[in-house]
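J.: So you can see what is in the structure, the chains are spelled out below.
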Amino acid sequence: MAELDTSGGGHKKGPGVKKGKKLSTRVDLTPMVDLGFLLITFFIFTTTMSQPTAMKLLLPDDKVKPEEQNKAKESGALTILMGADNHLYYYEGQLKPDASNFLSASYNGENSIRDVILKKKAYVRSIATDPNDPEHDLVVVIKPSQYCNYKNVIDILDEMSINVVKKFALVDIFDIEEQLVKKSDESAVKP
Amino acid sequence: MGRAKLPRKSTTIDMTAMCDVAFLLLSFFILTTKFKPAEAIAVTTPSSVASKVAPNKDFVLITIDKDGKVFLTIDDKQKRELVANSLNTAKNLGIDVAKFRSANFVGAPFSGLNSFLSISEENRKGNLLPGIPCKDSTNNELIVWMQAVNEAYAGAKMDLLLKGDNLAKYPSFKGVLTAFKKNNIQKFQMVTNPENAPVGSELYKKSMSGEKMDN
Chain E
1 MAELDTSGGG HKKGPGVKKG KKLSTRVDLT PMVDLGFLLI TFFIFTTTMS QPTAMKLLLP
61 DDKVKPEEQN KAKESGALTI LMGADNHLYY YEGQLKPDAS NFLSASYNGE NSIRDVILKK
121 KAYVRSIATD PNDPEHDLVV VIKPSQYCNY KNVIDILDEM SINVVKKFAL VDIFDIEEQL
181 VKKSDESAVK P
Chain U
1001 MGRAKLPRKS TTIDMTAMCD VAFLLLSFFI LTTKFKPAEA IAVTTPSSVA SKVAPNKDFV
1061 LITIDKDGKV FLTIDDKQKR ELVANSLNTA KNLGIDVAKF RSANFVGAPF SGLNSFLSIS
1121 EENRKGNLLP GIPCKDSTNN ELIVWMQAVN EAYAGAKMDL LLKGDNLAKY PSFKGVLTAF
1181 KKNNIQKFQM VTNPENAPVG SELYKKSMSG EKMDN
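So the sequences go chain by chain: E and U.
In this text, residue positions in the first sequence follow this note's numbering: the first is 1, and each later residue adds one.
In this text, residue positions in the second sequence follow this note's numbering: the first is 1001, and each later residue adds one.
No lab work stands behind these hints: they were computed from the structure.
Glycine included, C-beta positions come from ideal geometry on N, C-alpha and C.
You can take every hint at face value.
Cross-link-like lysine-lysine pairs, in silico, DSS-like; alpha carbons within 27 Å at most: (1) K1066/U x K183/E; (2) K1057/U x K1157/U; (3) K1206/U x K166/E; (4) K121/E x K56/E; (5) K56/E x K1157/U; (6) K1135/U x K183/E; (7) K1181/U x K73/E; (8) K1205/U x K119/E; (9) K1174/U x K1052/U; (10) K1079/U x K1125/U.
Chain U is nowhere near these chain E residues, computed Cβ spacing over 12 Å in every case: (11) Y91; (12) E110; (13) I176; (14) K183.
Okay, chain E solo, but in the shape it has when bound (with noise of 0.2 Å):
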């Protein structure tokens, strides 16, 4: 029949008796470190740092009689348009009636607007009259259209500070490129 040990642990074992080995009460912490150390890292690289910024915009004084206000040079001036769809579009000087010089560009990527402005910049250098200032004349005229959204605008705005372009204004589209934009457009292949 089989015994029951029933004795108690009290009990003195006998000589031929081997003691239980002690188990060591160390744990190996090499993967809790390991975890610990994931943790951060998952929470640094997951926690955004960023506070909004704020982006400075000073309007013009409407007030100002048209006399008063500062024309700008037809070789200096460019004029971006915002349309639908992130479609954008700008002409140099003035708006030629049958609107040939009515150029699209982009945001970003090949035609971008970015270099649009830049080479405006060199040529407005080239033929700079005052050497100590030479991008006095360059002025880049902003006209949003109804269709573009805010983004667009700040897009724009940032691309003025982007490329250091001193004298901007934001100003009012005029009809006929308000119609000149939707045509466009209408006409434009989305990419």
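Fit chain U to the given chain E structure using the hints.
T.: Below, chain U without anything else, positioned relative to chain E:
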């Protein structure tokens, strides 16, 4: 000659201290992280290279949400009271000043202002509210609002902020600009997400050469 035997050293290091440090850092990061408070008006702002941090107290904020609805937030409660009082006298609106004072933002035309204020704070959600009418040039109520704000801030410095959604259409932005211009406010700031200047651009070169950026 027999060489003295070096006792073999164990390669296991006690990890307890390192573990302590790791979890201390972890708890520090978790506790210091501030979660974004849920906003009543959901707005995704565009990003810009502007590096100045937007002021976070004592501001007057105009929010344009993605449908082009306009909301006004006045941070200072005393100024809210002044604005409510001046609107009450100027337009005879009968605004409940105490309620207006505790309202975090306003987003209703004058005609519906009292019913707007009777909605409980947690039920005022941007997408359900009409917003302040400003798209129509004949009925731009924001002009009146800005006039009242201007009066309330007379002599004091006002941080005027504009926070627009990426998808807001230009006419609402224009309406806001008109309201500013009509009240001779030429200076304001637009809230954006920070972004680095594109590599190779003029601004990038400037910031690399250590020049101070003024915007």
